[in-house]
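Asker: Residue numbers (the UniProt record's numbering), protein chains in the order written: chain A, 1 to 331; chain B, 1 to 320.
Heads up, some of the hints might be wrong.
Straight-line alpha carbon distances no greater than 30 Å define the calculated DSSO-like cross-link-like pairs of lysine-lysine that follow [unchecked claim]:
1) B/131 <-> A/287
2) B/131 <-> A/170
3) B/233 <-> A/205
4) B/71 <-> A/287
Just so you know, these hints were derived from the structure itself, not from any lab.
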Amino acid sequence: MEMMLELLPSEYESQEINRLTLAYFVVCGLDILGALDRIDKDQVARWVLSFYSRSGTVEPGNCQFYGFHGSRTSQYPLDKQDLSFNASHLASTYCALAILKIIGYDFSNLDSNSISLSMKNLQQPDGSFIPIHFGAERDLRFVYCAAAISSMLNDWCGMDKEKATDYIIKCQSYDGGFGLVPGSESHGGATYCAVAALQLMGYIKANYISRSTGSSVVNVAALLEWALQRQAADGGFQGRPNKASDTCYAFWVVGVLRILGADQFLDKDALRSFLLSCQSEYGGFTKFPGSPPPDLYHSYYGLAAFSLLGEPGLAQLQVELGITALSGALT
Amino acid sequence: MSSDEEEWVPFSRRPGWRDVTPVPQDDGPNPVVPIAYREEFREIMDYFRALYFADERSRRSLELTAEAIDKNPGNYTVWHFRRRVIDALNADLCGELDFVSLISLKNSKNYQLWHHRRWVAEKLGPDSANKELEFTKMILARDAKHYHAWSHRQWVLQSLGGWEDELDYCAQLLDDDIFNNSAWNQRYFVISKSPLLGGVQAMRDSEVGYAIEAIAANPENESPWRYLRGLFKGHADLLIEDGRVSEACLKVLKTSNQRVFALSLLLDLLCHGLQPREELREVVQRLSSEMELPVETMDPMRSSYWAWRKSNLLPLPEAS
Numbered sequence: 001m002e003m004m005l006e007l008l009p010s011e012y013e014s015q016e017i018n019r020l021t022l023a024y025f026v027v028c029g030l031d032i033l034g035a036l037d038r039i040d041k042d043q044v045a046r047w048v049l050s051f052y053s054r055s056g057t058v059e060p061g062n063c064q065f066y067g068f069h070g071s072r073t074s075q076y077p078l079d080k081q082d083l084s085f086n087a088s089h090l091a092s093t094y095c096a097l098a099i100l101k102i103i104g105y106d107f108s109n110l111d112s113n114s115i116s117l118s119m120k121n122l123q124q125p126d127g128s129f130i131p132i133h134f135g136a137e138r139d140l141r142f143v144y145c146a147a148a149i150s151s152m153l154n155d156w157c158g159m160d161k162e163k164a165t166d167y168i169i170k171c172q173s174y175d176g177g178f179g180l181v182p183g184s185e186s187h188g189g190a191t192y193c194a195v196a197a198l199q200l201m202g203y204i205k206a207n208y209i210s211r212s213t214g215s216s217v218v219n220v221a222a223l224l225e226w227a228l229q230r231q232a233a234d235g236g237f238q239g240r241p242n243k244a245s246d247t248c249y250a251f252w253v254v255g256v257l258r259i260l261g262a263d264q265f266l267d268k269d270a271l272r273s274f275l276l277s278c279q280s281e282y283g284g285f286t287k288f289p290g291s292p293p294p295d296l297y298h299s300y301y302g303l304a305a306f307s308l309l310g311e312p313g314l315a316q317l318q319v320e321l322g323i324t325a326l327s328g329a330l331t
Numbered sequence: 001m002s003s004d005e006e007e008w009v010p011f012s013r014r015p016g017w018r019d020v021t022p023v024p025q026d027d028g029p030n031p032v033v034p035i036a037y038r039e040e041f042r043e044i045m046d047y048f049r050a051l052y053f054a055d056e057r058s059r060r061s062l063e064l065t066a067e068a069i070d071k072n073p074g075n076y077t078v079w080h081f082r083r084r085v086i087d088a089l090n091a092d093l094c095g096e097l098d099f100v101s102l103i104s105l106k107n108s109k110n111y112q113l114w115h116h117r118r119w120v121a122e123k124l125g126p127d128s129a130n131k132e133l134e135f136t137k138m139i140l141a142r143d144a145k146h147y148h149a150w151s152h153r154q155w156v157l158q159s160l161g162g163w164e165d166e167l168d169y170c171a172q173l174l175d176d177d178i179f180n181n182s183a184w185n186q187r188y189f190v191i192s193k194s195p196l197l198g199g200v201q202a203m204r205d206s207e208v209g210y211a212i213e214a215i216a217a218n219p220e221n222e223s224p225w226r227y228l229r230g231l232f233k234g235h236a237d238l239l240i241e242d243g244r245v246s247e248a249c250l251k252v253l254k255t256s257n258q259r260v261f262a263l264s265l266l267l268d269l270l271c272h273g274l275q276p277r278e279e280l281r282e283v284v285q286r287l288s289s290e291m292e293l294p295v296e297t298m299d300p301m302r303s304s305y306w307a308w309r310k311s312n313l314l315p316l317p318e319a320s
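Excised from the complex, chain B in its bound form:
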């Protein structure tokens, strides 16, 4: 594989390639958005075309696809041909995972790379679970919100297993950065899908506590608020029954100046029929009063949205 340090040798000068006639790109007479290809790119693709047309599934094809992928990692045709070659040669799949790891060093935000990785891992089966979890962990250590890595990790867990330490892993990432929305999402994924945990129903109680703790520490953090609400997805009745939720809202409204999400959840509770207790009732009265419009000033960017939400609120029940 060519590297920046070594000088690249054109295929035309490499022994073992003399029999190949490169196939130039036929861009047609008036191409739109032509690209100013560099010589190296042009030659690699010309040689790729030659081997692909001939459907030559050989070792040198494997090498060539490696170079073509290095130059053009998004080219799905090259990756596809490489897979055909791998199958034909019965090539070493573990080594292939290493190849993908190497490519990912340069640019890991590429669908084709991850799809290829999945293809290899699927062939290797459950034995590759650990390696895949380690690989994604490595990527996430550099970028804890890497979308492809998270998707791959979820696929690995569901298809190959390895759930045992996943909740701990989420907790660790959230310790590192409580604002990491990807980690919150993964946490939700684990509690709902892990065969070892019993689903949201079983986990709800402890997770409500976990979310509320995060909220108390950083009420301006959107993630735990969404997570908390998400724990009651499809169960608004349980949402308004769990006193801790309205308590959490009240606490933030009283003590913090980061109140937007507390307000949003409160409006949600009221829409679902929450009968607010005394203290909360006072807060709600203040919020809906015409004299004071704290909602809009709290989040001026979305003031018209809050005004609209307020206007859609059901009238408060009479005080008993």
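The following block holds chain A by itself, in its conformation from the complex:
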């Protein structure tokens, strides 16, 4: 993780647009490892804040989102008056806020109101969110980002929760899992976004399983079985039925089970074995056993999965926010 913090290899060029996301993986990864002392928190805070677009007034006719950019390649000088250069992005904003939370930045220094109110501009009539004001794909990932941002800012004026929930409900597939958009095949990552967002918005009570089977906005029984069936014979988790296991789904799907209070039902030893077989000699994790080389994305999610498994020496995660439990408490 420290190696990645210093310099990413050239192969990551094509990931430049997601610099802030890469930083999130590294910082959160170090936090899980209890190694946050290896970074200069002030430096990181300054760098993250340099991606903030600016505060703005939300008024009719101005559909800007005043959040964080993901990269210098989408960020243009503030003296540019043409607002169409504002490419601040919902996912980057989530990553920025998560990093700031982790390093203990004082959120009262942020113009939360501007971020939240302008975020409403990104919500679509069907409840979904686009990530960027000039238009892009819309799907569950950004509903999740909006919910996580609202939760971290402790300000829900940026989203219509009911509409967002309506959209999530439409994404539940006939088999109990959730697709990224209504009609899509159920998928581990999409299911995490759906369930975590519902949890953050208060539509799923934590530890659903230990309570009596009350009603819920989504079909939890089917969801539960779908999620549990994602653990394959090799112990790893797959993202969709009849597909190969992949390290990252250990986080996405086990995260879902954790939120439902059902992670007691998975085979922890088998998962642990699988994850260990994906660990590379350089310390990162690969997508599946034997697939070189390790990458930052799978390394972070492998680590996060170990945290969910209660691996000694790793910090606990506040799974629905994707940050450690301790940093989540520092509001």
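Put chain B on the given structure of chain A with help from the hints.
Answerer: Positioned in the frame of chain A, the structure of chain B alone reads:
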């Protein structure tokens, strides 16, 4: 567009670019996770910044965005600028679809590419439906579970049309690979959304038969089991009424050693009030008996889950 075979010529040496001053990236004093950019990447992005700041919507901007996209296909700012340039030049949209096809050869698992494709197709309207269905078919021929391709295909059907052959297409893919969950999902999508078929209600009867056939061939295949259950979504009453469902469960429980999904569906039926017939009743008694715990041994990875489900079962009605 630069290719690996030709030697890339830096912009600084290209005629027609002399008037452009490249804008270097300002990473700030202490950047986190800096990337070791190669020279080509750096220069292309420096020139991109120059044209983007100037908001120059020209032919050479179109060329530049093509190169920038090739290096950095996830960069939504570049794609967005390209769209502005296309609009300004009133550029050939069919040619644009070809451009996207070319980019997809290198890496098609990229949201921006598909969003751009959708934007172009939307502008072209229903006439582009066939081309889009062909394009996604081509991608799916290489990877029959390609998530983006399936999403795009669903969008095309709903927005531009072309439903006529879709059920056949699903059947063909399932012939190729009955385990292809994406194809099962698409099948469900077609029967529920196609304006030509009448919805799940109208299709349920024949689809139950289709699913059961697939189950009989491969009881360990999760997809047809979920599909079968999904056909009765919101209609548990019809689920327990359709004798074929409980029959299918019984058959698998008796004759196969791949029994997990049959069991799961059976538990589901019982929870919804199924009154099991004689033969099924015996099976159920065996399963719930304390002496034998076949559920847990059938699927040891999830043994605690099955134990929990069993404990949540309503008591069986008295034998009449």
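Asker: Now, for every hint given, state plainly whether the structure supports it.
Answerer: Results of checking the hints against the structure:
no., hint, in the structure
1, B/131 <-> A/287, "34 Å, violated"
2, B/131 <-> A/170, "29 Å, holds"
3, B/233 <-> A/205, "24 Å, holds"
4, B/71 <-> A/287, "23 Å, holds"
Violated hint: 1 only; the structure is consistent with all others.
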